[in-house]
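**Q** Read off the chains here:
There are 4 protein chains.
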Amino acid sequence: MFTLRLKTRYVETDQGGIVHNSAYIIYLENARIDFLQSIGLDINELERKGVQCPVVSQSVKYLKPLYSLQEIAVQVQVASFSKVRFFLSYEITRGKDKILTGQTEHCFLDRYFKPQALSSEAIQAFGSAT
Amino acid sequence: MFTLRLKTRYVETDQGGIVHNSAYIIYLENARIDFLQSIGLDINELERKGVQCPVVSQSVKYLKPLYSLQEIAVQVQVASFSKVRFFLSYEITRGKDKILTGQTEHCFLDRYFKPQALSSEAIQAFGSAT
Amino acid sequence: MFTLRLKTRYVETDQGGIVHNSAYIIYLENARIDFLQSIGLDINELERKGVQCPVVSQSVKYLKPLYSLQEIAVQVQVASFSKVRFFLSYEITRGKDKILTGQTEHCFLDRYFKPQALSSEAIQAFGSAT
Amino acid sequence: MFTLRLKTRYVETDQGGIVHNSAYIIYLENARIDFLQSIGLDINELERKGVQCPVVSQSVKYLKPLYSLQEIAVQVQVASFSKVRFFLSYEITRGKDKILTGQTEHCFLDRYFKPQALSSEAIQAFGSAT
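As given, the protein sequences belong to chains A, B, C and D, one line each in that order. Numbering follows our numbering, with no gaps: position 104 of the first sequence is 119. Numbering follows our numbering, with no gaps: position 53 of the second sequence is 68. Numbering follows our numbering, with no gaps: position 130 of the third sequence is 145. Numbering follows our numbering, with no gaps: position 120 of the fourth sequence is 135.
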């Protein structure tokens with residue numbers, strides 16, 4: 016379980032007075048990138064080698080609203096992985112309040128957007144993180 | 016079936032050279048708001064009356080990448096609705112290419128974030144749009 | 016004088032109930048890119064050739080607030096240009112209301128971020144657009 | 016002098032491979048809001064009282080590009096203030112590299128967007144921060 020702590024930004028609110036639903040998608044990415052780096056998969060390094068790691072699908076449930084300038088925790092972990100895909104699950108909390116649950120699905124693509132098998136480094140990383 | 020045509024923005028791309036996954040979430044919102052207005056549910060008017068219409072959950076599948084300054088069509092329709100919820104389904108296409116499919120779930124809240132039953136206007140609007 | 020018409024997006028509002036100041040910066044970019052394309056300088060094509068056209072400086076005055084889902088016009092024109100720089104000026108209007116005035120400064124860089132002299136195509140384009 | 020440290024986000028990059036110019040505008044806001052709070056001017060509290068503190072004008076110079084996931088420092092200080100306006104100046108640095116300099120101008124508005132004189136609290140806050 017990896018946790019990123021961050022503070023919601025003023026710009027992320029909308030006229031409803033709460034954080035816009037799209038901002039949570041960014042929070043998930045922030046946590047995902049830091050998590051992947053922590054297990055040895057550095058996105059910038061992968062991209063320099065011509066490997067992309069796109070979001071193939073994502074789904075989120077919004078449980079409670081967030082307001083501007085609130086401290087939150089974004090938890091991410093490996094849900095499962097196969098030879099060509101991996102799935103991450105997320106939870107956003109504010110103190111004891113559960114704010115969001117979500118999942119994302121990913122693959123690795125080469126520079127021509129052709130799917131690649133997970134590298135042995137990735138399999139080892141996900142295996143030890145599961 | 017309601018269709019919004021729009022052009023992807025330069026700012027919506029990322030260092031991978033393609034449109035960032037969060038931008039599609041905005042495209043869905045743009046189409047949803049125009050669609051709801053077209054069936055008589057004006058978001059600004061609802062909010063002036065103290066009614067919010069948040070995203071309760073959303074899920075999307077990314078089928079192909081989008082690039083900057085491309086013309087796309089965002090289709091939205093009512094998938095189903097109950098006394099307290101409604102579900103919309105979406106498809107983004109670029110010419111003949113299917114780019115994304117997605118669903119969102121919504122409810123109506125009063126100004127204290129308390130769920131409300133769908134108004135008779137909303138039920139009629141969704142009924143005739145289904 | 017080039018004019019882009021667009022509609023403010025719900026997501027661009029903030030908890031103050033108005034469009035966030037950063038969204039105007041995007042509107043200027045949208046108009047700038049369409050304008051440059053209209054005079055023969057296609058940003059995507061330039062980037063494929065390894066030429067970047069960054070914002071070197073920008074300044075804006077916010078005259079009146081914008082609200083969600085409003086139709087606006089973003090006007091852009093060449094203010095001046097030299098051998099290595101060009102300056103654009105902007106005006107955003109909503110009907111008869113002047114909403115913003117702004118200026119941006121640009122140069123051309125090669126793929127190593129080294130400044131380049133304006134190409135003869137660019138000079139001709141700016142000359143005929145001034 | 017107030018300093019906010021933050022890390023650039025992947026989503027803030029564009030297809031040019033660098034952080035998009037609009038992201039810096041958000042960094043300035045993040046630093047400004049934390050700074051104002053540190054001198055006793057809490058934006059959320061002001062807004063609850065019906066006071067808005069918009070950006071009246073802003074100007075920035077981009078000196079060097081930023082890349083994704085870089086640690087930066089955003090410095091902000093009061094440049095000057097009058098009975099109805101205040102001016103902040105900013106500097107973004109990455110290690111020893113100066114990345115951006117900028118200024119913003121602000122006023123206080125009541126809930127009808129009518130300008131207000133600076134409160135005695137604000138004058139005292141700016142006076143001791145200058």
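These are calculated hints, taken from the structure and not from any lab test. Watch out, some of these pointers could steer you wrong.
Which copy is meant is left open, so a pair is good if it fits within one copy or across any two.
As the list claims (entries may be wrong) - Here are the simulated lysine to aspartate or glutamate pairs, DMTMM-like style, with alpha carbons at most 20 Å apart: (1) Lys64 <-> Glu86; (2) Lys111 <-> Glu62; (3) Lys98 <-> Asp125; (4) Lys111 <-> Asp125; (5) Lys76 <-> Glu60; (6) Lys79 <-> Asp125; (7) Lys22 <-> Glu86; (8) Lys22 <-> Asp49; (9) Lys79 <-> Asp57; (10) Lys76 <-> Glu120; (11) Lys22 <-> Asp57; (12) Lys111 <-> Glu60; (13) Lys76 <-> Glu62; (14) Lys129 <-> Asp112; (15) Lys79 <-> Glu62; (16) Lys111 <-> Asp57; (17) Lys98 <-> Asp49; (18) Lys111 <-> Glu136; (19) Lys111 <-> Asp49; (20) Lys113 <-> Glu136; (21) Lys129 <-> Glu106; (22) Lys98 <-> Glu136.
**Q** Could you tell me which of the hints above the structure violates, numbers in ascending order?
**A** 1, 2, 4, 5, 9, 12, 13, 16, 17, 18, 19, 20 and 21
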